[in-house]
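J.: Throw the hints in and build the complete structure from the sequences for me.
Sequence lines, in order, name chains A and B. In terms of full-length UniProt numbering, the first sequence is residues 1 to 485. In terms of full-length UniProt numbering, the second sequence is residues 1 to 416.
No lab work stands behind these hints: they were computed from the structure. Heads up, some of the hints might be wrong.
[Stated by the list, open to error] 35 Å max Cα-Cα, derived DSBU-like pairs, lysine-lysine:
#1 A/Lys400 <-> B/Lys40
#2 A/Lys96 <-> B/Lys40
#3 B/Lys164 <-> A/Lys96
#4 B/Lys327 <-> A/Lys96
#5 A/Lys227 <-> A/Lys400
[Said to hold, decoys possible] Negatives, chain B to chain A, calculated, CB over 10 Å:
#6 Pro17
#7 Gly26
#8 Met29
#9 Leu38
#10 Arg88
#11 Gly165
#12 Arg225
#13 Ala232
#14 Arg266
#15 Ser319
#16 Thr364
Each residue gets a CB set at the ideal place from its N, CA and C atoms; glycine is no exception.
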Amino acid sequence: MSTMTLQEPARRFEELLGHGAVITDPVRLRTYECDGLTHHRVMPGIVVLPESAEQIAAVVRVCNEYGLPFVARGAGTGLSGGALPRADGVLIVTSKMRRILSVDAANRRAVVEPGVTNLAITEAVRDLGYYYAPDPSSQQVCTIGGNVAENSGGAHCLKYGFTVNHVLALEIVTPDGDIVELSDGDPGYDLLGAFIGSEGTLGIATKVTVRLTRAPETVTTLLAAFKDIEQGGQAVSAVIGGGIVPAAIEMMDALAIEAAEAAVACAYPEGAGAVLIVELDGPAEEVAHQFGEVTRICEESGAFELRIADDPAERAAIWRGRKSAFAAVGRISPAYIVQDGVVPRTTLPEVLASIDRLSREHGIRVANVFHAGDGNLHPLVLFDDAEPGAGERAEIVSGKILDLCIEHGGSITGEHGVGVDKSRYMSRMFSDEDLDTMQLVRCAFDPRALSNPGKIFPTPRLCGEVPGVRKGVHPLVESGQAEHF
Amino acid sequence: MDLELINDCVHCGFCLPSCPTYVLWGEEMDSPRGRIHLMKQHVEGTPMTPEMAGHFDACLGCMACVTACPSGVRYDRLIEQTRAEVEREHVRKPDDRALRAVVFQLFPYPRRLRAMRLPLRLSGGIRRKIIPRLERINPSLAAMADLAPPVSARVRLPHRVEAKGSRRATVGMLTGCVQGEFFPQVNEATARVLAMEGCDVVIPPSQGCCGALSLHSGQEEQAKRFARRTIATFERAGVDTIVVNAAGCGSTMKDYAEILEGEWARRAGAIRTVDLAEYLAELGPAAERHPLPLTVAYHDACHLAHAQGIRSQPRELLSAIPGLELKEISESAICCGSAGTYNLFQPEAARDLGDRKAERVLATGADLLVSANPGCTMQITAAIRRRGAQEIPVAHTAQVLDASLRGLGRVPTIPA
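T.: Listed below in structure tokens is the structure:
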């Protein structure tokens, strides 16, 4: 679509939102060309910065009028290109909508606008003895709207669950511009569940009611250093196998430790081939008992140093290395790909050995950081983008890691989403019929495919997304189990 | 502009919530990540449009993003290089040019600044009348009049202050431009505290500006000239350590070796610049601390906390005073909006940030605000004055220590 055709909608947006809230200058537009995943870049046609649900609904209705695709974006920290803009469309940025609308401690809930950061919720309720449980590593930056779109997790999701377990209700703008509410109390289909994790393809969240979690009586954090990943992996399996559910259980390998050390001087034990961070929380007695068990297991698995943090400052010191790990690899490598995959916990040592093999075969370094408790791997594939061919080799390694995950009965994403980056791997996990069925859900919300098109699905199919790619009728439609809208 | 430094940014966005303009406006172009993206566009051939220059001008240079960045991006270096590029490439509007000329021909020159004290010696009544009028003509001029503190009596510092008791060290002292002219009491207190802690203090007369103001505004050549002169002045004074009580000056002087080239870089490397709080914490207490029954809110100046990493030392020094209770200001890492000349060139944004800071300072309920940078002191004082009702006296860390060491029982504060 040429820029000419965007002039009229841009003028309409200016009427709706005011001149300052609509960006059409190419220099400014380009600063929005990517999110946290920088190797996919598209300059948006128009950027709008609305300040209310009504404004978003009005923008979406104008998009419908002109048939313009639209993409929602929060802080732009996503790692799968979920907020990659459309050159022929509108980027709807929620970063100005960051009010905490209400805190209801008695009913353990807070209502916030989508641009509020994940950590800001915790900060607002900390003095009341509560916090917001899901904690992506980017929690001080990433927005709750983005968390809802991606069903974000974090280190503590092993015990407490993902975003979907902590959102009680949503106000959304549907792809045709209506404002509707979805609530976990609604009888009938779990539309709230369908919306969370839909990566912006079912509409835009404009108000989020979150569950507040009571801050635990006791928190103990333990850092165990092992000679290698194998020993660390053993300890993880033994802890979970022993019936203990820690709040978090995280592992980093030598290269990831090196990066974190360079970035934040976290002073992890010298000579560690792997460190395990285990956090236990809950009633004091329970934590004390579990702590004894975990310490014993770590020692039996070969831990050569154990550090214990009982106060927030010591705990922060242990976590600092882990939480900064992604961005910290920037210190030891000019460029990198953050991969996100899942494997069954018991296969961890085997999969890690295979990743190591891949890394050596292709001459590409891989640093491993992962939520060991639920088998969610975050291999960081390092390369020098100035070196010809290195980027392609890194892509190959990165792709093969996902193949490994699928082979071992895992998944191509644990928490970063599919976005644009992993859509091509979807067909390795799902059959065409599976994917078409997912499309039917999408079409029920977004029949014109205007809401974040081009994400999740490998090839556009059904309901108007470049018709004609699929020949014939969808099997579900044919069998009378589903119909087109 | 150094492409390698630009490419260190991995676009993670961890800097966004630390950036005052992103906090105010929530727009990518006015965040560190967005500005680095703009720098890259420019290096790759996009001309310096007025829009682009505007986003660079809107950066306070507070360096909070440098603290927040996990990838170690040198945004401080990048924005300095970029500001110089803006000055080279961007043609400013005539009124903006005129204002900048006035500021750069005035502030870095203590003698000219002294001459300005007369017209600024306005009583509260005149000030209230004149500011709204100036606001209509030029918001920057109004900001200038609003910020200037009432003038205190001029103080002539001796060229050397002898250590009390046994001498532990000999140090040079920077008097600064704004500090020296608007807050001479702070310099007096600094010299006294150092002497009471066992230092011979050498104070070279007619030191001139250290170059911070120019460097932070892209006036590269003026900055280098001032830096060379400052080095020569202290070399002549025969000291190898310079104690600085103004955060902005200290952070620039610590960078002299990087800003200058060749012989001058070497000479810069031979002199050590330390902040007053940093130096006193390192030296350890010698003199007796007398009680000060006060609750104190400590304000982190960006050029101390972010640019020099000095956060714990002033807090430790203050907390060590018997009877003194220290309060934390929420959002302490966000700039007050002073940022050198920012409040003169970007008065609206500076005002919003000042109001935000004033609200949080007052919320502490403290008896006294401690600020270790003259710019912050003027900015926060002005913001609190605008609010009317409540007021809170302001003092420099040096003045609080001075009061405790001398057993005054109260802190002689900076008049609002």
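J.: Decide, hint by hint, whether the structure agrees.
T.: Hint check:
no. : hint                  : verdict
1   : A/Lys400 <-> B/Lys40  : holds, 32 Å
2   : A/Lys96 <-> B/Lys40   : holds, 25 Å
3   : B/Lys164 <-> A/Lys96  : violated, 57 Å
4   : B/Lys327 <-> A/Lys96  : holds, 31 Å
5   : A/Lys227 <-> A/Lys400 : holds, 27 Å
6   : Pro17                 : violated, 6 Å
7   : Gly26                 : violated, 4 Å
8   : Met29                 : violated, 5 Å
9   : Leu38                 : violated, 6 Å
10  : Arg88                 : holds, 18 Å
11  : Gly165                : holds, 37 Å
12  : Arg225                : holds, 33 Å
13  : Ala232                : holds, 37 Å
14  : Arg266                : holds, 28 Å
15  : Ser319                : holds, 16 Å
16  : Thr364                : holds, 15 Å
This entry does not satisfy hints 3, 6, 7, 8 and 9, going by the numbered hints stated previously.
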